[in-house]
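> All letters in the sequence shown, in the order written, are residues 1 to 39 by this note's numbering.
Rather than coming from a laboratory, the hints here were simulated on the basis of the structure.
One or more of the hints may lead you astray.
[Said to hold, decoys possible] With a straight-line cut-off of 30 Å between C-alpha atoms, the simulated DSS-like cross-links for lysine-lysine are: (1) 17 <-> 35; (2) 26 <-> 14; (3) 35 <-> 11; (4) 35 <-> 8.
[What the hints assert, rightly or not] Restraint-style ranges between C-beta atoms, simulated for each label pair: (5) 7 <-> 37: 40 to 50 Å; (6) 6 <-> 26: 24 to 34 Å; (7) 4 <-> 35: 40 to 50 Å; (8) 33 <-> 3: 40 to 50 Å; (9) 37 <-> 5: 44 to 54 Å; (10) 15 <-> 35: 27 to 37 Å; (11) 9 <-> 30: 41 to 51 Å; (12) 3 <-> 37: 29 to 39 Å; (13) 34 <-> 4: 43 to 53 Å; (14) 37 <-> 4: 28 to 38 Å; (15) 36 <-> 3: 47 to 57 Å.
Note that the structure is predicted; figures quoted are calculated from it, not measured.
Think of the CB as a built atom: it goes at the ideal place given N, C-alpha and C, for glycine as much as any other residue.
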Amino acid sequence: MLLFNGAKVRKRIKIIKEFCIFFINKVIIGFDREKQELF
1 MLLFNGAKVR
11 KRIKIIKEFC
21 IFFINKVIIG
31 FDREKQELF
């Protein structure tokens with residue numbers, strides 16, 4: 001049971017990490033686009 005919960009938690013952490021990377025990439029791309037418009 002403990003092993004199963006550990007796997008669930010790891011899966012959740014992986015999903016959160018992937019979402020954070022995706023979000024950070026979106027923000028960086030957004031900033032780059034704004035900089036190109038400004039300069």
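> Enumerate the violated hints, using their earlier numbering and listing them in ascending order.
3, 4, 11, 12, 14
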